[in-house]
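Undergrad: Below are the chains, spelled out letter by letter.
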Amino acid sequence: MIQIKDLHKNYGKHQVLKNINVELERGMVAGLIGQNGTGKTTLIKSILGLTQFQKGDILVEGVSVKAGPEYRNNIGYMAQMGRYPENMNIAQLFDMMKKIRTIDKRDEELYEKFQLQKIAHQNLGQLSGGTIQKVSAALAFLFNPDILILDEPTAGLDPIASEILKEKIIKESTKKLILITSHILNDLDEIASHALFLQEGSLLFFEHIKSLKEKSGHQKLGKTIAEIMLERELKK
Amino acid sequence: MMKITKYLSLSILKSRFMVSYGFILFILCSGLFFLSNDMDKAIIGIHNVLLILVPLVVMIYSVSQIYQSNDFIRLLLTQPIKRKVIFYSQYISNTLVLLLVQTIPIALSLILFSDGTYLFPIILNLVFLTFIFSSISSLIAYKINEKVRGIGITIFLGIYFLAIYDGLILLIIQLMSDYPIEKYGILLSLFNPIDLCRILFIFKMDISALMGLTGAIMEKFIGSGLGSLIIYATLFLWAVIPLVFAAKLFNKKDY
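As they're listed, the protein sequences go chains A and B.
Taken in order, the first sequence gives residues 1 to 236; the numbers are from the numbering used here.
Taken in order, the second sequence gives residues 1001 to 1255; the numbers are from the numbering used here.
Derived from the structure by calculation, the hints contain no laboratory data.
Warning: the hint list may mix true and false statements.
For lysine-lysine, the following PhoX-like pairs were computed, each having C-alpha atoms within a straight-line distance of at most 25 Å [claimed, not checked]:
no., chain 1, residue 1, chain 2, residue 2
1, B, Lys1084, B, Lys1003
2, A, Lys18, B, Lys1252
3, B, Lys1006, A, Lys13
4, B, Lys1183, A, Lys98
5, A, Lys99, B, Lys1006
6, A, Lys99, B, Lys1014
7, B, Lys1082, A, Lys5
8, A, Lys13, B, Lys1248
9, A, Lys66, A, Lys55
10, B, Lys1082, A, Lys98
11, A, Lys66, A, Lys18
12, B, Lys1082, A, Lys99
13, A, Lys55, B, Lys1014
14, A, Lys55, B, Lys1183
15, B, Lys1003, A, Lys98
16, B, Lys1014, A, Lys118
17, B, Lys1082, A, Lys105
18, A, Lys13, B, Lys1204
19, B, Lys1220, B, Lys1252
20, B, Lys1147, A, Lys55
21, B, Lys1082, A, Lys55
22, B, Lys1147, A, Lys13
23, A, Lys235, A, Lys171
24, B, Lys1253, A, Lys13
25, B, Lys1204, B, Lys1082
26, A, Lys98, B, Lys1143
27, B, Lys1204, A, Lys66
28, A, Lys5, B, Lys1204
29, B, Lys1143, B, Lys1082
30, A, Lys215, A, Lys175
31, A, Lys223, A, Lys166
32, A, Lys105, B, Lys1003
33, A, Lys66, B, Lys1084
Bound-form chain B, shown alone (with noise of 0.2 Å):
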């Protein structure tokens, strides 16, 4: 598995989307500590950013690697290689690829021009994201042969996670204000691995206080061990599951 993991990433990593994904990120992210004064709010914005771009980025990037692969990866399956080994190799790679990319700009921005008290809590996001979305891919890209309709579905997707489950949610906060909801609010986060990753952030923030009712509970519920034990274990399902679903379509599927 390492061996054909080890190429695959190695030509992934050769094309020029990668290397100017990475140079983009770095400027995006050096560029928003000199646009505010205040560390702490450009700090935020970088992490504004990566819950927008990393999703999208992630997903429609892994979908179409795994349909322009197809040619090469009917090749490596007339090999004596097990299916399973195929489906890992190019999942690793393309993950592995795409985290090295973010990951290294990021940091790179935060040592820079920060104490880099926040470099863990947003690095650790980062990885969340890129597992889950790459594995959302990878479930979209086995279960649809067509390549433009299964892009189009990963594009639907990813705004969905970004603005209409919030949309969503503002809204059945809003026409339910007179009842007691604040908690299932926090049960309504658990189906969007984005917010889950905003929330696990901004307690690390330390501006929860701003959020009043809602501010308050979350930060008694991720305040106990119990309440970040079942966020980090939710999103942790988020990235395996879909990732179960497409292996089992991978090992069935005729190429």
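Next comes chain A alone, as it looks inside the complex (with noise of 0.2 Å):
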């Protein structure tokens, strides 16, 4: 669903990706993991036609990120900690997304499981931080789209509203492409079935977490990607 081409990105001198190829398809619950720094964001910006690139290519579908904002129709992206507008409130946020993207199979399971629709009228700016992440979340959610990208959709969130958000992830994992960073690896250990490691630009491996697991003989992810980084170390 997702083809990443051989993509360079550079700020002036400094090189953020490097060559990186990869293909997504239908069914994968990507973790997008790394140290600060290293290019996640800029990567999941990059798709999402945030950013321009300056080599290679990024295929939606086959269709290139260059070539119109339709493709972003199929996708959903939960951003990190955004302000939203602060005199305008919940109600009128979710209307005038609805009014842009005028999809009619909707899916408001989050908003209704955040209990969204009870501070509908309270003001964006008014919120907190935990808050919004809730309306971010469930307006990635709420097109149905086939490809959803998260950027650190647990953090902020408190214990339940980062089940319920899990749970969902789960739900959809097996109908769509999801991308999630996360510097939480428990997190991605619980739903994540490939594990992408970025570092300082480059796409280190993109394999099967299952099939790392069993290469490493730990339990736990946070170890076994504990475990290769040293064994890359060492081999230096």
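Starting from two chains that each stand alone, build the complex the way the hints lay out.
TA: Put into structure tokens, the structure is as follows:
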């Protein structure tokens, strides 16, 4: 569904993404892992068309992201802690989005489970960070897109909301392609099927999490990743 | 485009700043009528207040509004909408709300306390100034990524147009006073939209006779159809050119 071909991106002299080649398919829950500043968010933003890249191409269902904004009809995006217009309320925000994306088959499960209708008339400027995350999550799933891109989805959510979101991701995972970045490897361990590991802008590996665990013999993703990192350090 | 503009405008219009700004403008303009017995003097006073207040408020407000809505614009950019549509929605909603908040109190005080002769020229200048300085603000805000630097440059530019530029012109005229440079004075004022608006208004008020030879030459220039056409065209360009450059920057910007 998403093909990334030979992607290069630099800000001035600073190379952020180097030669990335990946093919992501329906049914995958790909966890994007890497240290801070390794280009995870830049990669996501390139797929969404938020940042321009210098070389290579990204195809979403066969169509280049440079071709026009229509491909985004099929993508739901949950941003890292965004600020919304202070004097707009939740109901107005959802109304506006529904008018922008005229899709009849809507998925309001998260909207209901997070009980956003109770605070629908509160201004977005008054909401706490966690509540804003709930709004972002509900918006990402609202239009039932085939591709979901979630940037740090569980950061700032309370344990109950976090569980609701994870359940939702697992439920949708067979029908969709879900790309998640997270620093909380335990969360990824529960939901991700594949791991994409970025280091200093290059793709180190892209593998099935099960086979990774089998290779290393560990049960936990965190330990597995740590061991892989250690091995690579030793090889150097 | 209309949908996004509508929701953005509504959310801006509800801010406390907009409501109080409109209220202060109304008090200020009405107050000037009570301070002076001469209606013409009061109207010149109102126009001078506008020339100082409108550029500064429009620029500082628009620039900080653009920086503040950065995250929300990013969310809109991930939706299936063209970048151009998002850019113009933001520009139009900012400008229209500012225009509304300024026009209503000023028009109201002019209608209530004067005979309304100068309503049209004052509102026309208001429209020009709001569009022009909103365009310039977009250019600054999309060109400069740091908020503090952007607002600093905005304030400097406002003071430049309001005071520094006029000072420079005066200095040139003073230094070259032995030569017939009145014509070039007009040429120089084309590079400052605030001066253009001031000139347009002065000649509507018929007080140009007080300005000596420069006044006479300007009167002749504006009195001719071509002269006022040039001034209106220049004001129009002042609004369009920064906007076109801002749109280009927005199209290539990394969010």
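Undergrad: All hints are to be evaluated individually against the structure, with a verdict given for each.
TA: Taking the hints in turn, this is what the structure says about them:
Between lysine 1084 of chain B and lysine 1003 of chain B, the direct Cα distance comes to roughly 14 Å. Compliance with the 25 Å bound is thereby established for this hinted pair. Of the pairs offered as hints, the one joining lysine 18 of chain A and lysine 1252 of chain B holds, with about 21 Å between alpha carbons and a cut-off of 25 Å not exceeded. Proposed proximity of lysine 1006 of chain B and lysine 13 of chain A is contradicted: the alpha carbons are some 41 Å apart, above 25 Å. With a C-alpha separation of about 58 Å, the suggested pair lysine 1183 of chain B and lysine 98 of chain A falls outside the 25 Å cut-off, and the hint is violated.
The straight-line distance between the Cα atoms of lysine 99 of chain A and lysine 1006 of chain B is roughly 11 Å, inside the 25 Å bound, and the hint therefore holds. For the suggested pair lysine 99 of chain A and lysine 1014 of chain B, the alpha carbons sit about 21 Å apart, so the restraint of at most 25 Å is met. Between the alpha carbons of lysine 1082 of chain B and lysine 5 of chain A the distance comes to roughly 24 Å, so the proposed pair stays at or under 25 Å and holds. A distance of roughly 23 Å separates the Cα atoms of lysine 13 of chain A and lysine 1248 of chain B; the hinted pair therefore holds under the 25 Å criterion.
Annotation: proposed proximity of lysine 66 of chain A to lysine 55 of chain A holds, straight-line Cα distance about 12 Å (limit 25 Å). For the hint linking lysine 1082 of chain B to lysine 98 of chain A, the alpha-carbon distance of about 17 Å falls within 25 Å, and the restraint holds. For the hint linking lysine 66 of chain A to lysine 18 of chain A, the alpha-carbon distance of about 19 Å falls within 25 Å, and the restraint holds. A distance of roughly 15 Å separates the Cα atoms of lysine 1082 of chain B and lysine 99 of chain A; the hinted pair therefore holds under the 25 Å criterion.
For the hint linking lysine 55 of chain A to lysine 1014 of chain B, the alpha-carbon distance of about 44 Å lies beyond 25 Å, and the restraint is violated. This hinted pair does not check out: lysine 55 of chain A and lysine 1183 of chain B have alpha carbons roughly 54 Å apart, beyond 25 Å. Using a Cα cut-off of 25 Å, the hinted pair lysine 1003 of chain B and lysine 98 of chain A holds, with the two alpha carbons roughly 10 Å apart. Between lysine 1014 of chain B and lysine 118 of chain A the alpha-carbon distance is near 22 Å, which keeps this suggested pair within the 25 Å criterion.
Of the pairs offered as hints, the one joining lysine 1082 of chain B and lysine 105 of chain A holds, with about 23 Å between alpha carbons and a cut-off of 25 Å not exceeded. At most 25 Å may separate the alpha-carbon atoms for a hinted pair to count; lysine 13 of chain A and lysine 1204 of chain B exceed this at roughly 56 Å. Under the criterion of a C-alpha separation no larger than 25 Å, the hint pairing lysine 1220 of chain B with lysine 1252 of chain B is inconsistent with the structure, at around 46 Å. For the hint linking lysine 1147 of chain B to lysine 55 of chain A, the alpha-carbon distance of about 30 Å lies beyond 25 Å, and the restraint is violated.
Only pairs whose Cα atoms come within 25 Å are accepted, and lysine 1082 of chain B paired with lysine 55 of chain A is accepted, the gap being roughly 22 Å. Between lysine 1147 of chain B and lysine 13 of chain A, the direct Cα distance comes to roughly 23 Å. Compliance with the 25 Å bound is thereby established for this hinted pair. Under the criterion of a C-alpha separation no larger than 25 Å, the hint pairing lysine 235 of chain A with lysine 171 of chain A is inconsistent with the structure, at around 40 Å. Of the pairs offered as hints, the one joining lysine 1253 of chain B and lysine 13 of chain A holds, with about 17 Å between alpha carbons and a cut-off of 25 Å not exceeded.
Taking the CA atoms of lysine 1204 of chain B and lysine 1082 of chain B, the gap is about 43 Å. The hint is violated against a cut of 25 Å. A C-alpha spacing of about 32 Å is found between lysine 98 of chain A and lysine 1143 of chain B, which places the hinted pair above 25 Å, so the restraint is violated. The straight-line distance between the Cα atoms of lysine 1204 of chain B and lysine 66 of chain A is roughly 52 Å, outside the 25 Å bound, and the hint therefore fails. About 64 Å separates the Cα atoms of lysine 5 of chain A and lysine 1204 of chain B, which puts this hinted pair outside 25 Å; it is violated.
Between lysine 1143 of chain B and lysine 1082 of chain B the CA atoms are separated by roughly 20 Å; this keeps the pair inside 25 Å, and the hint holds. Simply put, lysine 215 of chain A and lysine 175 of chain A have alpha-carbon atoms about 28 Å apart, too far for the 25 Å limit, and the pair is violated. At most 25 Å may separate the alpha-carbon atoms for a hinted pair to count; lysine 223 of chain A and lysine 166 of chain A meet this at roughly 21 Å. With a CA separation close to 21 Å, the supplied pair lysine 105 of chain A and lysine 1003 of chain B stays within the 25 Å bound.
With a C-alpha separation of about 14 Å, the suggested pairing of lysine 66 of chain A with lysine 1084 of chain B holds against the 25 Å cut-off.
Of the numbered hints given earlier, the model fails hints 3, 4, 13, 14, 18, 19, 20, 23, 25, 26, 27, 28, 30; all others are met.
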